[in-house]
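Go ahead and model the full structure; you've got the sequences and the hints to work with.
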Amino acid sequence: MARLRLLVVVSVLSIIGILTAQAVWVRKAYTLRERQFRQSAFIALQDVADEVARLNRFVVNRYAVTQLSSDYFIVNTDAPIDPVALETFIQRSLQQHNIITD
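Just so we're aligned, residue -19 is where the sequence shown starts under this note's numbering, counting upward by one.
Please keep in mind that the hints were generated in silico from the structure rather than gathered at the bench. There may be inaccurate statements among the hints.
Label pairs and their calculated CB-CB ranges [stated by the list, open to error]:
| hint | residue 1 | residue 2 | range |
| --- | --- | --- | --- |
| 1 | ILE70 | LEU12 | 24 to 30 Å |
| 2 | PHE38 | LEU12 | 19 to 25 Å |
| 3 | TYR52 | TYR10 | 15 to 21 Å |
| 4 | ARG(-17) | ILE79 | 54 to 60 Å |
Quick caveat, the model's predicted, so the values are computed rather than measured. Backbone N, C-alpha and C fix where the C-beta goes; we use that ideal spot for every residue, glycine too.
In C-alpha cells, the structure reads:
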C-alpha cells in the first residue's frame, strides 16, 4: 500500500514537472516568435521607407522607422506619396518578408 502511494505521488510530481517544462517552452517560443515578427516588420517598413525615398529621389534617414509599442510602428519619410503607391509598397514588402497581417 505504501509503495502504491509513493508511486502515485512520484507520478503526479513527474506530470507536474513535465507540464511546467512545457509551459516554459511554449512561453519562450511565443516570446521568440513575437521578437522575430517585430524584427521582420521593422525591416519591411524600412524597405518601404527606402522605396519612398527612391521614388522621391532623396536619401532616407537610417532611423526612419520608430517602434512605439510591440505592434505599433511609425515610418517618417517627410515625403509626399500617393496613398495607392504607399499601399502597394507596404503590401509588397510585407509579402517579401513573409508577414501575414492586416
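*Kindly indicate which numbered hints from before are broken by the structure, ordering the numbers from low to high.*
Going through the list in order, the structure violates hint 2 alone and respects the others.
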